[in-house]
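Peer 1: Take the given structure of chain Y and dock chains G, S, B and D to it, following the hints.
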Amino acid sequence: MKLGRIVGTVVSTRKDEKIEGLKLYLVRDLGLDMTEKDTFVVAADALGAGLHEVILYAQGSSARQTRVTDARPIDAVVMAIVDELEVGGKALYTKNPTQGEG
Amino acid sequence: MKLGRIVGTVVSTRKDEKIEGLKLYLVRDLGLDMTEKDTFVVAADALGAGLHEVILYAQGSSARQTRVTDARPIDAVVMAIVDELEVGGKALYTKNPTQGEG
Amino acid sequence: MKLGRIVGTVVSTRKDEKIEGLKLYLVRDLGLDMTEKDTFVVAADALGAGLHEVILYAQGSSARQTRVTDARPIDAVVMAIVDELEVGGKALYTKNPTQGEG
Amino acid sequence: MKLGRIVGTVVSTRKDEKIEGLKLYLVRDLGLDMTEKDTFVVAADALGAGLHEVILYAQGSSARQTRVTDARPIDAVVMAIVDELEVGGKALYTKNPTQGEG
Amino acid sequence: MKLGRIVGTVVSTRKDEKIEGLKLYLVRDLGLDMTEKDTFVVAADALGAGLHEVILYAQGSSARQTRVTDARPIDAVVMAIVDELEVGGKALYTKNPTQGEG
Numbered sequence: 072m073k074l075g076r077i078v079g080t081v082v083s084t085r086k087d088e089k090i091e092g093l094k095l096y097l098v099r100d101l102g103l104d105m106t107e108k109d110t111f112v113v114a115a116d117a118l119g120a121g122l123h124e125v126i127l128y129a130q131g132s133s134a135r136q137t138r139v140t141d142a143r144p145i146d147a148v149v150m151a152i153v154d155e156l157e158v159g160g161k162a163l164y165t166k167n168p169t170q171g172e173g
Numbered sequence: 072m073k074l075g076r077i078v079g080t081v082v083s084t085r086k087d088e089k090i091e092g093l094k095l096y097l098v099r100d101l102g103l104d105m106t107e108k109d110t111f112v113v114a115a116d117a118l119g120a121g122l123h124e125v126i127l128y129a130q131g132s133s134a135r136q137t138r139v140t141d142a143r144p145i146d147a148v149v150m151a152i153v154d155e156l157e158v159g160g161k162a163l164y165t166k167n168p169t170q171g172e173g
Numbered sequence: 072m073k074l075g076r077i078v079g080t081v082v083s084t085r086k087d088e089k090i091e092g093l094k095l096y097l098v099r100d101l102g103l104d105m106t107e108k109d110t111f112v113v114a115a116d117a118l119g120a121g122l123h124e125v126i127l128y129a130q131g132s133s134a135r136q137t138r139v140t141d142a143r144p145i146d147a148v149v150m151a152i153v154d155e156l157e158v159g160g161k162a163l164y165t166k167n168p169t170q171g172e173g
Numbered sequence: 072m073k074l075g076r077i078v079g080t081v082v083s084t085r086k087d088e089k090i091e092g093l094k095l096y097l098v099r100d101l102g103l104d105m106t107e108k109d110t111f112v113v114a115a116d117a118l119g120a121g122l123h124e125v126i127l128y129a130q131g132s133s134a135r136q137t138r139v140t141d142a143r144p145i146d147a148v149v150m151a152i153v154d155e156l157e158v159g160g161k162a163l164y165t166k167n168p169t170q171g172e173g
Numbered sequence: 072m073k074l075g076r077i078v079g080t081v082v083s084t085r086k087d088e089k090i091e092g093l094k095l096y097l098v099r100d101l102g103l104d105m106t107e108k109d110t111f112v113v114a115a116d117a118l119g120a121g122l123h124e125v126i127l128y129a130q131g132s133s134a135r136q137t138r139v140t141d142a143r144p145i146d147a148v149v150m151a152i153v154d155e156l157e158v159g160g161k162a163l164y165t166k167n168p169t170q171g172e173g
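Going line by line, the protein sequences match chains Y, G, S, B and D. First residue of the first sequence: 72, per this note's numbering; consecutive thereafter. First residue of the second sequence: 72, per this note's numbering; consecutive thereafter. First residue of the third sequence: 72, per this note's numbering; consecutive thereafter. First residue of the fourth sequence: 72, per this note's numbering; consecutive thereafter. First residue of the fifth sequence: 72, per this note's numbering; consecutive thereafter.
The hints are simulated quantities; they were obtained by calculation from the structure and are not laboratory data. Ideal Cβ positions, reconstructed from N, Cα and C, are used throughout, including at glycine. A couple of the hints might just be wrong.
As the list claims (entries may be wrong) - Below 25 Å or equal to it, Euclidean Cα-Cα: the simulated BS3-like pairs (lysine-lysine) are:
| no. | chain 1 | residue 1 | chain 2 | residue 2 |
| --- | --- | --- | --- | --- |
| 1 | S | K166 | S | K89 |
| 2 | Y | K73 | B | K161 |
| 3 | D | K73 | S | K108 |
| 4 | Y | K89 | B | K89 |
| 5 | D | K108 | S | K73 |
| 6 | B | K108 | B | K89 |
| 7 | D | K161 | D | K73 |
| 8 | Y | K108 | G | K73 |
| 9 | B | K73 | D | K161 |
| 10 | Y | K94 | Y | K166 |
| 11 | Y | K161 | B | K161 |
| 12 | B | K161 | D | K161 |
What the hints assert, rightly or not - So these bits of chain B aren't anywhere near chain Y, every CB distance computed over 10 Å:
| no. | residue |
| --- | --- |
| 13 | K89 |
| 14 | G92 |
| 15 | K94 |
| 16 | D146 |
| 17 | P168 |
Chain Y extracted, bound-state conformation (with noise of 0.2 Å):
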């Protein structure tokens, strides 16, 4: 998996039907110093997740095996909000409680 930022939002209205109802977000791959680096991926959420949330995803035919996401032209998928990175241990990061907007 790969660990990134959710930063925005992708609206299509004309899609392959498969992908209907899906949300796509826009996700900015994070660095191990937390910061954004210029690669991102569109991710189909699996989660409920939201803007600004630390996050992982999944990518190639694994990102095909939540339910939602399941038999679709899916590549990448949110599949976990990180609540705490820890390396060296020392915390990297802790999620603030009240972060993330659905």
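Peer 2: The following block gives chains G, S, B and D in isolation, referenced to the frame of chain Y:
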């Protein structure tokens, strides 16, 4: 999924029998500032998308999950036309209603 | 799919039994200006393509969706010979009818 | 597979139901000189590996081939703890028998 | 497939039960000029290939299509030993018949 713009078409007479009838587009990757990057893919069109449109494409086995690409040797498919990208509460991109030429 | 040019061949006597009989080509990636890049793959030939031809290759599990690569340990396959690339209303590349040597 | 070192852990309460119970590690990629690179992944642990251990991880659909990751939205899995790397007849790396803290 | 040279071996006692008995090689990627690049993978050996040999490896789900890797958490497999690479009508590489040490 990746964000791209359809910039051209590929014509091929000699090709695997399983891709007969598919429209193949040249798609340039877009950055978060909507500029075209040097990287590109050739993607099958599952939608009737048009030249110059901003689209999403799915890759890998997920590219075979649309009705038109099922069981074909296709590793990239245009599966959504983007109407709007919203980042930080602002529209990063809004589709011109008259845009796109099939 | 990726755009490439067939630049060479690979000869192998000791190989997995499932790839017996497949022709393996060295394929260099091409940029949008049709120059050869430093990156390349070895791809199986599903078409009877020839040296120097500009082709498309599919990767990953999609590379196993042609009749000749089905269920084989092949992750890249030449599945279309390019006749023409059109970008911005102009032919970026047109195949010379006499090009290609099987 | 890729060579990496387990450098941290990811805590997540809200996640896809199918990944409940999996331990998720931050894994930094290692170069052939055993230095940590800037790239990293989050990988599920199929082994009971510990912090600081040098491991191999598998990606893509292959990451779902262990007993603990089967049919889950997991695209990277720790599937081997490295005891020794030998390059050019010399041990590039030898695991300290007391290394690793579950 | 990618072109590489087997440069080392990986020893692992604690590993997923499904990879028991597989030989794991360190494989460095080769450029078109046959120089070793900085990138490498760990690949299972499906052939009885030997150290220093120039080989092809397949990645992703295709790496599970050999008899020895079927249904295992393996994402790279050595599936051909290269005898000769021919580019531009010249042999870029020819295998020394005495090369390779199992």
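Peer 1: Against each hint, give a clear statement of whether it holds in the structure.
Peer 2: Cross-check of the supplied hints:
For the given pair, K166 (chain S) sits about 33 Å from K89 (chain S) by alpha-carbon distance, which is inconsistent with the 25 Å threshold. A hinted pair counts as satisfied when its Cα atoms are at most 25 Å apart, and K73 (chain Y) with K161 (chain B) does not qualify at roughly 34 Å. Proposed proximity of K73 (chain D) and K108 (chain S) is supported: the alpha carbons are some 15 Å apart, at most 25 Å. A distance of roughly 21 Å separates the Cα atoms of K89 (chain Y) and K89 (chain B); the hinted pair therefore holds under the 25 Å criterion.
For a cut-off of 25 Å, the pair hint linking K108 (chain D) to K73 (chain S) stands: about 22 Å separates their Cα positions. With a CA separation close to 30 Å, the supplied pair K108 (chain B) and K89 (chain B) exceeds the 25 Å bound. A C-alpha spacing of about 20 Å is found between K161 (chain D) and K73 (chain D), which places the hinted pair at or below 25 Å, so the restraint holds. Only pairs whose Cα atoms come within 25 Å are accepted, and K108 (chain Y) paired with K73 (chain G) is accepted, the gap being roughly 15 Å.
At most 25 Å may separate the alpha-carbon atoms for a hinted pair to count; K73 (chain B) and K161 (chain D) exceed this at roughly 34 Å. Restraint check for K94 (chain Y) and K166 (chain Y): satisfied, since their Cα atoms lie roughly 22 Å apart, inside the 25 Å limit. For the suggested pair K161 (chain Y) and K161 (chain B), the alpha carbons sit about 35 Å apart, so the restraint of at most 25 Å is broken. Only pairs whose Cα atoms come within 25 Å are accepted, and K161 (chain B) paired with K161 (chain D) is rejected, the gap being roughly 35 Å.
Interface exclusion of K89 (chain B) from chain Y breaks down, the closest Cβ pair being 6 Å apart, not more than 10 Å. Every beta carbon of chain Y lies more than 10 Å from that of G92 (chain B), the smallest distance being close to 13 Å; the non-interface claim holds. Remark: the non-interface label on K94 (chain B) is consistent with the geometry, its nearest Cβ contact in chain Y lying 12 Å away (cut-off 10 Å). At roughly 4 Å, the least C-beta separation between D146 (chain B) and chain Y is not larger than 10 Å, which violates its mark as non-interface.
Remark: the non-interface label on P168 (chain B) is consistent with the geometry, its nearest Cβ contact in chain Y lying 22 Å away (cut-off 10 Å).
The structure does not agree with the numbered hints 1, 2, 6, 9, 11, 12, 13 and 16 stated previously, though it agrees with the rest.
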